[in-house]
Amino acid sequence: GNSVTQMEGPVTLSEEAFLTINCTYTATGYPSLFWYVQYPGEGLQLLLKATKADDKGSNKGFEATYRKETTSFHLEKGSVQVSDSAVYFCALRSPEGGSEKLVFGKGMKLTVNP
Amino acid sequence: DTEVTQTPKHLVMGMTNKKSLKCEQHMGHRAMYWYKQKAKKPPELMFVYSYEKLSINESVPSRFSPECPNSSLLNLHLHALQPEDSALYLCASSQRGIPSSYEQYFGPGTRLTVT
Numbered sequence: 210g211n212s213v214t215q216m217e218g219p220v221t222l223s224e225e226a227f228l229t230i231n232c233t234y235t236a237t238g239y240p241s242l243f244w245y246v247q248y249p250g251e252g253l254q255l256l257l258k259a260t261k262a263d264d265k266g267s268n269k270g271f272e273a274t275y276r277k278e279t280t281s282f283h284l285e286k287g288s289v290q291v292s293d294s295a296v297y298f299c300a301l302r303s304p305e306g307g308s309e310k311l312v313f314g315k316g317m318k319l320t321v322n323p
Numbered sequence: 004d005t006e007v008t009q010t011p012k013h014l015v016m017g018m019t020n021k022k023s024l025k026c027e028q029h030m031g032h033r034a035m036y037w038y039k040q041k042a043k044k045p046p047e048l049m050f051v052y053s054y055e056k057l058s059i060n061e062s063v064p065s066r067f068s069p070e071c072p073n074s075s076l077l078n079l080h081l082h083a084l085q086p087e088d089s090a091l092y093l094c095a096s097s098q099r100g101i102p103s104s105y106e107q108y109f110g111p112g113t114r115l116t117v118t
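For the record, the sequence lines run as chains A and B. Going by this note's numbering, the first sequence opens with residue 210, and the numbers climb by one from there. Going by this note's numbering, the second sequence opens with residue 4, and the numbers climb by one from there.
With the rest of the complex left out, here is chain A (with noise of 0.2 Å):
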């Protein structure tokens, strides 16, 4: 079945540090990825995605990069933000098997300090 593997943490960084948070998938077929974010006491928010092969997306100063060949899209940012801290959820959607399911990780969560 569809699985997503992710970097659970936490993770403590210093604002300006640079993060990558990395996600690893199990699909049949050709899933779509997405990086959705959880800020205390809040739903999700879509972050970015990518539908196909070698597709970049890209938000608010971060980036993921949809990899066929490692079967992967980890999350990166240059510099993070205090505001930045948050939970962060890997996630694919598949089109076998149901394109309705959204498949999660188990989600990493985020502390900047300043």
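Bear in mind the hints are in silico, worked out from the structure with no lab data behind them. Accuracy of the hints is not assured; some may be wrong.
[What the hints assert, rightly or not] With a straight-line Cα cutoff of 25 Å, these simulated SDA-like cross-link-like pairs (lysine to any residue) come out:
| # | chain 1 | residue 1 | chain 2 | residue 2 |
| --- | --- | --- | --- | --- |
| 1 | A | Lys261 | B | Met16 |
| 2 | B | Lys56 | A | Pro304 |
| 3 | A | Lys315 | B | Glu87 |
| 4 | B | Lys41 | B | Met16 |
| 5 | A | Lys310 | B | Glu55 |
Starting from the known structure of chain A, fit chain B onto it as the hints suggest.
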């Protein structure tokens, strides 16, 4: 407008109460979802409605009863809940169709506490 709204924001209910959660979207999305999220866990899918019809029920106990009265509204009726049902309940919506690229838009959630 890419907003999904949910009411109430917080709900405390006893095990014998009946209450309802409400979700609304005006993006023309024809797929709507209910998720349950426990602390420090990813959301777990409960129900999916597609074109106002229930298409997926992830073996959810019958004390949770979903309803989709029209294409913009989704309700979750609660009855005889257990304390372990305390969680954040998230609603989401997306376009409906073959492409799996359609992202889901989430509401802010209802924080439910069962006493």
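Going down the list of hints, with the structure as the test:
The suggested pairing of Lys261/A with Met16/B is violated, with an alpha-carbon distance near 45 Å, which exceeds 25 Å. With a C-alpha separation of about 20 Å, the suggested pairing of Lys56/B with Pro304/A holds against the 25 Å cut-off. Straight-line distance between C-alpha atoms of Lys315/A and Glu87/B comes to about 20 Å, which keeps the hinted pair within the 25 Å bound. At roughly 17 Å between alpha-carbon atoms, Lys41/B and Met16/B fall within 25 Å of each other, so this suggested pair holds.
Taken as a hint, the Lys310/A and Glu55/B pair is honoured in the structure, with Cα atoms around 17 Å apart against an allowance of 25 Å.
Consistency with the previously given hints fails for number 1 only.
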